[in-house]
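J.: Given next are the chains, with one letter for each unit.
2 protein chains.
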Amino acid sequence: MSLIVQKFGGSSVANAERVMNVAKIVTETYAKGNDVVVVVSAQGDTTDDLIAKAEEINPNGSKREKDMLLAAGEQISISLLAMAIEKLGYPAVSLLGWQAGFETTNIHTSARIKKVDPSRIRHELDKKRIVVVAGFQGLAKTDDITTLGRGGSDTSAVAIAAAMHADLCQIYTDVEGVYTADPRKVENARKLKEISYDEMLELATLGAQVLNNRSVEMAKKYNIELEVLSSMTRASGTIVKEKTKMEKMLISGVAKDTDVARISVTGIPNEPGLAFKIFSKLSAKDINVDIILQSIGHDGKKDISFTVPKSRGAEAAEALKDYIENFDGTEILVDESVAKISIVGAGMESHAGVATKMFEALYDAQVNIQMISTSEIKVSVLINENDADKAVRAIHAKFFD
Amino acid sequence: MSLIVQKFGGSSVANAERVMNVAKIVTETYAKGNDVVVVVSAQGDTTDDLIAKAEEINPNGSKREKDMLLAAGEQISISLLAMAIEKLGYPAVSLLGWQAGFETTNIHTSARIKKVDPSRIRHELDKKRIVVVAGFQGLAKTDDITTLGRGGSDTSAVAIAAAMHADLCQIYTDVEGVYTADPRKVENARKLKEISYDEMLELATLGAQVLNNRSVEMAKKYNIELEVLSSMTRASGTIVKEKTKMEKMLISGVAKDTDVARISVTGIPNEPGLAFKIFSKLSAKDINVDIILQSIGHDGKKDISFTVPKSRGAEAAEALKDYIENFDGTEILVDESVAKISIVGAGMESHAGVATKMFEALYDAQVNIQMISTSEIKVSVLINENDADKAVRAIHAKFFD
Chain A
1 MSLIVQKFGG SSVANAERVM NVAKIVTETY AKGNDVVVVV SAQGDTTDDL
51 IAKAEEINPN GSKREKDMLL AAGEQISISL LAMAIEKLGY PAVSLLGWQA
101 GFETTNIHTS ARIKKVDPSR IRHELDKKRI VVVAGFQGLA KTDDITTLGR
151 GGSDTSAVAI AAAMHADLCQ IYTDVEGVYT ADPRKVENAR KLKEISYDEM
201 LELATLGAQV LNNRSVEMAK KYNIELEVLS SMTRASGTIV KEKTKMEKML
251 ISGVAKDTDV ARISVTGIPN EPGLAFKIFS KLSAKDINVD IILQSIGHDG
301 KKDISFTVPK SRGAEAAEAL KDYIENFDGT EILVDESVAK ISIVGAGMES
351 HAGVATKMFE ALYDAQVNIQ MISTSEIKVS VLINENDADK AVRAIHAKFF
401 D
Chain B
1 MSLIVQKFGG SSVANAERVM NVAKIVTETY AKGNDVVVVV SAQGDTTDDL
51 IAKAEEINPN GSKREKDMLL AAGEQISISL LAMAIEKLGY PAVSLLGWQA
101 GFETTNIHTS ARIKKVDPSR IRHELDKKRI VVVAGFQGLA KTDDITTLGR
151 GGSDTSAVAI AAAMHADLCQ IYTDVEGVYT ADPRKVENAR KLKEISYDEM
201 LELATLGAQV LNNRSVEMAK KYNIELEVLS SMTRASGTIV KEKTKMEKML
251 ISGVAKDTDV ARISVTGIPN EPGLAFKIFS KLSAKDINVD IILQSIGHDG
301 KKDISFTVPK SRGAEAAEAL KDYIENFDGT EILVDESVAK ISIVGAGMES
351 HAGVATKMFE ALYDAQVNIQ MISTSEIKVS VLINENDADK AVRAIHAKFF
401 D
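Quick mapping for you: the protein sequence lines, in order, are chains A and B.
Here full-length UniProt numbering is used: the first residue of the first sequence is 1, the next is one more, and so on.
Here full-length UniProt numbering is used: the first residue of the second sequence is 1, the next is one more, and so on.
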């Protein structure tokens, strides 16, 4: 008998039929003799409806009240799923975040899990019940309801798996697993049987959007084996774990991220502290900077370029305006029509020429590279957004065909 | 400075505009220097939507899960109201039933309040916040969410008022107060300035449906002054309290209840234990019996008639079928086209002839009386449902015109 945590996202429980489908998956797992803890998100449209209601009344309501409002979403989905499990003749009990023992920081709308006390969950499992837990939510020490922010339900699932030493944590989603590239865009994209935590982290950051990053970090930290799979097809998915079997692949995937804007600041006098002054202004606004490129310009002046999330581009430029007005001839340019293409793979650590192969693919496809960034297990390039799909296909073909 | 509890029902917070209207009432009370605790029900359509979702998945889901589901309704309305108050520039905090200290029995869907620990509410009032509390819900000792059943939010409001020794508990509803008769049906119906707890209890039981009975019982027990008033018109309402000023009125109101069925069992042999045998079968099914009439029939046989809620009529007859099959010539008749008309008034205790005056009004209007029942402060008659409105108008005219 194993303890299995299964997580289902908002689209997996979007309507009555899908809730029943999830109940079938869960009860089949239970019927095999496993203890099952299910973590669910709010039904897709519920969250949207709740946000619309709040916007109509007060678009600037406090974050505490937004958390109170949104947490109602999972309360609805957990009780519906529990009733669906009861309908199939199995015992179920739904638990809210606080009932399931989620203690968080009190940073409303983006709280962090401080600890999970699984005693109530264990108590219910001992009674042979299927336990349905509200993802995404917890309770601050002040007894206020908090939510974990984007992708929080993945993190909730992994946190329970870690706290209870679960044998497996299955993340059901609307794709069948982790692919070597986006299967909707690249015909030959392959589903990976396994991927390491580090590779998954790079892929998540790079826009593959299969798993929330915090959840992978937590899985790595507590060595929880994850499986990413589809609630629709029931095919076996992709296992995420520490060490993967050698699949003799140089890279595990090609990812595209179009949520990127490039900011270029040109013609700044070459004086010490330039990077510090620029990036401290951005971090003061909580704007994350990704790829950075600094170059000597003409006449002893510097150019500096960097990428930020597309939605923060204008704000980033605005934040630097005061600073650059100190200088003559300095300009800020914002280019939102860019995309970041990355290859990820633990294999590249020990193989020379992986980056070269990527660049060659781009050259063959006549794609111009604007910026380059590398880490031990990834290579990213910034290119024109219009070339993005072509670039992904060219790189994927180079490595996988 | 006073402590005022204000309760708003589902129709008072049905949409964004009405939520803003409630926020205005609440903040005006606060701006006068009062401490304000607001108790709200779920938005009218939210509850219906949630029930529909559950029905689609499993009409027979456990009561525990139904409570979990329905409690999300107030969670939505309290956070929206708190945001509306914030929008008007006032500090607010919403609290769920358990956060507001409601401990209940664990009888799901119809839990009773065991106690209210108002320490969190007091803490928030001390911070000068308007406290918005979810009505209708609480927490059992097992840490499971419970709901209080029909009219539960009224009871929540009175329970807070009692626990905190509030100066006034205002129940905002969609009528302007308690009337001598239904103002939609009786042109000359008058709004009462005051009414006693006992009179209000009789009126509530008798279908006036202005206030939930449990809430009036609790108000009487803890001597909490209630005011029933409209959230729409802002007119002053009706005060419910222990002793009312003498208004020189014999009766305080005429009420109509059409949710009644009359069951007649005729021709039962006249033997001991008849009433016991019949009514024990009904109470085993949890069917409430109201007016009872027993008479000697012909040939030493008995007839017995009684009223039950209309929805339980068929079930009540079914429950008695086995018993009456023991006898020859015994019949069960169910008449659903009846109405109960009642007059209520503390004044009738000390005035003879009140009942006679009522019967005279009915005779003048040519309304046939089927059954009669009396208590110290009320007289009820059962008549044909088609005569109900005519009867109310005739009685009202007799006493008030």
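Note that these hints are calculated values from the structure, not bench results.
Note that the structure is a prediction, hence the values are computed from the model and not measured.
Take the hints with a grain of salt, since some may be wrong.
Once the Cα atoms are required to be at most 20 Å apart in a straight line, the calculated SDA-like pairs of lysine to any residue come out as [stated by the list, open to error]:
hint, chain 1, residue 1, chain 2, residue 2
1, B, 87, A, 52
2, A, 87, B, 11
3, B, 141, A, 11
4, B, 63, A, 288
5, B, 53, A, 18
6, A, 127, B, 28
7, A, 87, B, 59
8, A, 63, B, 305
9, B, 87, A, 62
10, B, 24, A, 24
11, B, 53, A, 62
12, B, 141, A, 87
13, B, 141, A, 108
14, B, 53, A, 143
15, A, 87, B, 91
16, A, 63, B, 60
17, B, 66, A, 63
18, A, 24, B, 106
19, A, 53, B, 106
20, B, 128, A, 88
21, A, 53, B, 45
22, A, 66, B, 60
23, A, 128, B, 62
24, A, 53, B, 16
25, A, 53, B, 62
26, A, 127, B, 141
27, B, 66, A, 88
28, B, 87, A, 51
29, B, 53, A, 11
J.: Now tell me, hint by hint, if it's right for this structure.
T.: Evaluation of the provided hints:
no., hint, verdict
1, B/87 x A/52, "holds, 16 Å"
2, A/87 x B/11, "violated, 33 Å"
3, B/141 x A/11, "violated, 35 Å"
4, B/63 x A/288, "violated, 47 Å"
5, B/53 x A/18, "holds, 12 Å"
6, A/127 x B/28, "violated, 51 Å"
7, A/87 x B/59, "holds, 9 Å"
8, A/63 x B/305, "violated, 60 Å"
9, B/87 x A/62, "holds, 10 Å"
10, B/24 x A/24, "violated, 48 Å"
11, B/53 x A/62, "violated, 29 Å"
12, B/141 x A/87, "violated, 27 Å"
13, B/141 x A/108, "violated, 28 Å"
14, B/53 x A/143, "violated, 29 Å"
15, A/87 x B/91, "violated, 44 Å"
16, A/63 x B/60, "violated, 37 Å"
17, B/66 x A/63, "violated, 28 Å"
18, A/24 x B/106, "violated, 29 Å"
19, A/53 x B/106, "violated, 32 Å"
20, B/128 x A/88, "violated, 50 Å"
21, A/53 x B/45, "holds, 13 Å"
22, A/66 x B/60, "violated, 32 Å"
23, A/128 x B/62, "holds, 16 Å"
24, A/53 x B/16, "holds, 7 Å"
25, A/53 x B/62, "violated, 29 Å"
26, A/127 x B/141, "holds, 18 Å"
27, B/66 x A/88, "holds, 17 Å"
28, B/87 x A/51, "holds, 16 Å"
29, B/53 x A/11, "holds, 16 Å"
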